[in-house]
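Numbers in the numbering used here are just positions in the sequence shown, counted from 1, shifted up by 13.
Just so you know, the hints here were simulated from the structure itself, not pulled from any lab data. Any given hint could be a false lead.
Unchecked claim - For each label pair, taking beta carbons as the anchor points, the in silico distance ranges come out as:
no.	residue 1	residue 2	range
1	A98	K198	33 to 43 Å
2	T195	V108	20 to 30 Å
3	G124	N183	11 to 21 Å
4	A107	T141	41 to 51 Å
5	G54	S164	19 to 29 Å
6	G104	S51	37 to 47 Å
7	T141	A187	16 to 26 Å
Said to hold, decoys possible - List time: in silico EDC-like cross-link candidates among lysine to aspartate or glutamate, alpha-carbon distance up to 20 Å:
no.	residue 1	residue 2
8	K78	E191
9	K198	E74
10	K64	E142
11	K198	D188
Here a beta-carbon is modelled for each residue, glycine too, at the ideal position from N, C-alpha and C.
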Amino acid sequence: MVSAVSGAVTGILYPTVRLSNSLSNLEASEVARRSSLSTYGLATSRTALDKALEAGKFILENLSKIQSQLLHADMDGVVADSTAARFRRQGEIAVLLAEIDQAVSLAENNGVNLIASTSSDYVLSTTTEGGTLRVSPQPLDTPGLNIAGLSIQPLDTLSLGLDDLGIISNQDIADAHEAIDTALKIATYRFSLLEELGNVVNSGSSFLSQINNLLNQIDATNLPAGTFIDVVA
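Produce the entire structure from the sequences given, and follow the hints as far as they go.
The following block contains the structure:
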């Protein structure tokens, strides 16, 4: 639904249910939930987006580094006389994962963190005239990318004194490869959405022309019945 009236610019994506002339309980609950969201000013919105984008670039780089570590770990299993090399790789991967979560934590600005899996929806200002946009976070932390605790070998082998017996399965590395490949694809897609959102908030051009690229990435075939776009300008 697109209508033109004078006033602020507001873009909202949410499901609607109309069973009668009066609000259903579901509608009333959704309206109450939306109205309870705080609206963040333009400066806060822009800074939060800038921090999210900066952290996102770093996270994508770290995911690529983990991919490289896994490739080396695979080779270590072939050429090394023991599994010590893989234990070193595990430690290096753990550091890279910790850096990802730290980057997400540092992306918070005045209560807004657009890349944390613990965040909820925000209403961000898009113009100095009072335009707003409700957005959902795009998690880039290890829980959000389903790679928390990623491991290429059982962590109890050192305590058992089995680190030199070659018991680390190549399947562990294969599973880690798959998890990181999937995480990188998801992170790349979510980062692209943040970039489009950044264009909306940071650009001085028309809201509708800027939001168009973002909305075009939504696959309508995957939306639940009754979902619609309501933009008032």
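Here's how the hints hold up against the structure:
no., hint, verdict
1, A98 with K198: 33 to 43 Å, "violated (28 Å)"
2, T195 with V108: 20 to 30 Å, "holds (21 Å)"
3, G124 with N183: 11 to 21 Å, "violated (45 Å)"
4, A107 with T141: 41 to 51 Å, "holds (45 Å)"
5, G54 with S164: 19 to 29 Å, "violated (43 Å)"
6, G104 with S51: 37 to 47 Å, "holds (41 Å)"
7, T141 with A187: 16 to 26 Å, "violated (52 Å)"
8, K78 with E191, "holds (15 Å)"
9, K198 with E74, "holds (13 Å)"
10, K64 with E142, "violated (23 Å)"
11, K198 with D188, "holds (16 Å)"
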